[in-house]
Structure formats: structure tokens, C-alpha cells
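K.L.:
The task is simple: from the sequences and hints, build the whole structure.
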Amino acid sequence: MKKVYLIGGTMGVGKTSVCQYLKKELSNSVFLDGDWCWDSFPFIVNEETKTMVIDNIVYLLNNFIHCSAYEHIIFCWVMHEQPIIDAIVERLDVSHCDLFVYSLTADEETLKERLKKDIDEGKRSADVLERSLGRLPLYEKLDTIKIDTSHKTMAMIADEVIQNTNDIKLRPYRKEDLAVLAKLFYECVHTVNAKDYTQKQLDAWADGQIDAEKWHRSLMEHISYVAEKEGEIVGFGDIDPGGYLDRLYVHKDHQHQGIATMLCQRLECSVHVPKIVVHASITARPFFEKRGYRVKKEQQVERKGILLTNYVMEKII
1 MKKVYLIGGT
11 MGVGKTSVCQ
21 YLKKELSNSV
31 FLDGDWCWDS
41 FPFIVNEETK
51 TMVIDNIVYL
61 LNNFIHCSAY
71 EHIIFCWVMH
81 EQPIIDAIVE
91 RLDVSHCDLF
101 VYSLTADEET
111 LKERLKKDID
121 EGKRSADVLE
131 RSLGRLPLYE
141 KLDTIKIDTS
151 HKTMAMIADE
161 VIQNTNDIKL
171 RPYRKEDLAV
181 LAKLFYECVH
191 TVNAKDYTQK
201 QLDAWADGQI
211 DAEKWHRSLM
221 EHISYVAEKE
231 GEIVGFGDID
241 PGGYLDRLYV
251 HKDHQHQGIA
261 TMLCQRLECS
271 VHVPKIVVHA
281 SITARPFFEK
291 RGYRVKKEQQ
301 VERKGILLTN
311 YVMEKII
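The sequence shown begins at 1 in our numbering and counts up by one.
Derived from the structure by calculation, the hints contain no laboratory data. Note that the Cβ used here is the ideal one computed from N, Cα and C, for glycine as well. Keep in mind that the hints are not guaranteed to be accurate.
[What the hints assert, rightly or not] Listed next, the in silico SDA-like pairs over lysine to any residue satisfying Cα-Cα at most 25 Å (straight line):
id, residue 1, residue 2
1, Lys-275, Asp-240
2, Lys-117, Arg-135
3, Lys-183, Ala-194
4, Lys-175, Glu-230
5, Lys-3, Leu-99
[Said to hold, decoys possible] Pair by pair, the computed Cβ-Cβ distance ranges are:
id, residue 1, residue 2, range
6, Lys-275, Leu-138, 35 to 43 Å
7, Glu-90, Glu-113, 35 to 43 Å
8, Val-45, Gln-255, 42 to 50 Å
9, Gly-208, Val-94, 38 to 46 Å
P.N.:
The structure is reproduced here in C-alpha cells:
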């Protein structure tokens with residue numbers, strides 16, 4: 001089923017950045033910023049122009065909803081009053097969609113800091129500070145899912161959106177998970193990574209037979225999380241106390257749903273170290289690069305006499 005995300009918030013709270021991040025994390029996504037539907041000079045606000053912009057927004061969103069190419073339709077706008085949200089929602093064709101309406105908030109100090117940075121860089125005019133702070137309390141009154149963005153990265157905020165939307169739960173690893181994790185690992189390697197490695201390399205990497213005792217011991221010694229959706233395990237990952245991110249795998253049928261992002265974010269936040277290190281496959285390298293990891297070196301690792309390429313990457317915390 002398609003998912004429609006309406007994301008509101010005052011100026012400077014991070015709406016556009018979060019939506020751009022979500023667009024890249026979720027499969028077959030399209031993003032519409034409400035400001036693109038009403039970009040004029042001079043900026044005229046009256047009943048006619050307000051009606052016009054709602055018409056523009058609804059028309060474009062319904063076109064995206066009706067287009068078979070898209071699974072995730074992401075929209076952001078200030079939306080500081082309930083009638084604005086209602087005027088959009090009541091005209092959307094969401095009969096075959098899941099609709100989620102969010103409001104991004106922040107504490108005053110965080111919002112001031114973000115806006116002052118934009119003002120200093122010439123991205124916003126100085127009067128935005130008073131206007132944005134004045135609207136901030138309005139969002140608490142709205143019938144929306146609230147996400148406090150204070151002191152959070154875009155990845156962390158997007159993680160909360162995805163978790164609320166997909167009903168994906170993260171929990172610590174348990175011994176009884178091991179057989180499911182082994183099967184998930186094998187299937188993930190042989191499907192997701194198949195575009196970047198030969199069959200011999202895939203067989204050397206994952207032959208379907210893990211050392212169960214060794215895996216369980218390392219998962220227990222590491223900080224290890226399992227992702228569940230509707231009671232089904234859809235991913236897992238682990239990191240050691242020194243900041244080495246060991247495993248990160250998502251079920252082959254649940255790719256591009258933000259699960260890897262949620263797991264990675266939780267693992268990164270679980271250790272207090274100056275940097276995180278990962279040995280990323282060719283397939284996983286772009287994912288980690290989007291999260292701020294940088295390649296330190298390319299290397300060849302040997303598995304059962306077969307060489308596989310991966311990358312030593314690190315992220316400074």
C-alpha cells in the first residue's frame with residue numbers, strides 16, 4: 001500500500017532537509033515542497049492566492065498518488081493551523097493509501113541557533129526569527145504526530161518518521177533469534193549483493209552454514225539489535241564497544257524501507273566513542289556514505305580462498 005507523508009513545521013525546524021533525506025532512504029519516493037507551489041514576487045496573501053496554493057498542492061499530490069511509479073509520497077509545508085491540514089487531507093484520494101501527518105517541533109534555543117546560522121549565511125532574512133518563534137507553540141495544538149527535532153541529526157529525525165510509519169520495532173538480540181538471522185543473512189547476501197559480486201564470491205561469503213556458537217557469542221558480546229515488523233524479523237545489526245560496526249543486514253523482501261537506517265542509527269548511538277568503523281561491501285558503500293562515513297581504504301579480504309572487495313570506512317562522531 002502506498003504511503004503519504006505530510007510533514008509540517010515552522011521555518012528552520014528542518015522540514016525540507018528531513019524530507020530530502022527520506023526521499024533517498026525510501027524506495028520509489030517523490031517529494032513535493034509546498035513552497036514550490038506558491039513562489040511569487042511580491043508575495044501576495046489573500047483568499048484567492050490561499051485557495052490557489054491549496055488547489056496546486058492537492059492537484060500535484062493526487063497526481064503522485066495515482067502514478068504507479070511511486071510508493072512513498074512526501075510533502076512538506078509550514079501547516080501551522082489545523083484548517084490548512086484539513087483542507088489538503090479532505091481532498092486527497094487516499095482510499096488506497098496509508099496517510100501520516102507529522103509536525104516537527106524544536107525547543108526555542110535549538111530553533112534560534114538554526115535560524116541564526118541561516119541568517120548569517122544569507123539564506124534567510126533577519127525577520128524570520130521572530131515569525132518562526134511566534135508560530136512554534138501553534139504546533140502543539142494540531143492533530144498530528146509530533147517529533148521533537150532538538151539536538152538531533154536529519155538521520156535521527158528521519159528514523160523517527162520511518163519508525164512511526166512502518167511500525168518497525170527494535171529490540172535486543174536473543175539466542176532464539178539465531179536461526180532466523182542466519183537465514184536472513186544468507187538470503188540477503190545472495191540477492192541484494194548479487195549485483196556486485198560473483199556467485200563464487202557470494203558462496204564464499206555466505207554458504208548457508210554459520211558457526212552458531214561463534215555468532216551467538218559475538219552477538220552477545222556486542223551491542224546487537226533485531227528489527228521486527230508485525231512480529232517478523234526483518235533485519236539485524238551489531239557493534240562492538242570500541243565502535244566497530246560488525247553486521248548490518250536487512251531482509252531481502254524489506255529493502256529500502258528505512259530499516260537499515262533505523263538499525264544503524266541505534267547502533268551508532270549505543271557506543272560512546274570518537275568514531276565508528278565499518279568494513280562495507282561494494283553494495284553497502286553508498287548507504288554508509290550517505291550517513292557521513294568516509295572511505296579510508298579499499299581492501300581485499302579472503303574467504304575460503306576467494307577474494308572479496310570491501311572498504312574500510314569511518315565516521316567521526
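K.L.:
Each hint should be assessed against the structure and marked as holding or not.
P.N.:
Each hint, compared with the structure:
1. Lys-275 <-> Asp-240: 12 Å, holds
2. Lys-117 <-> Arg-135: Between Lys-117 and Arg-135 the Cα gap is close to 19 Å, so the pair holds against 25 Å.
3. Lys-183 <-> Ala-194: 16 Å, holds
4. Lys-175 <-> Glu-230: With Cα atoms ~20 Å apart, Lys-175 and Glu-230 stay inside 25 Å; holds.
5. Lys-3 <-> Leu-99: Roughly 6 Å between the alpha carbons, so the hint for Lys-3 and Leu-99 holds.
6. Lys-275 <-> Leu-138: 35 to 43 Å: 40 Å, holds
7. Glu-90 <-> Glu-113: 35 to 43 Å: With Cβ atoms ~37 Å apart, the hint holds.
8. Val-45 <-> Gln-255: 42 to 50 Å: Hint holds: Cβ distance 44 Å, inside 42 to 50 Å.
9. Gly-208 <-> Val-94: 38 to 46 Å: Between Gly-208 and Val-94, where Cβ atoms are some 43 Å apart, the hint holds.
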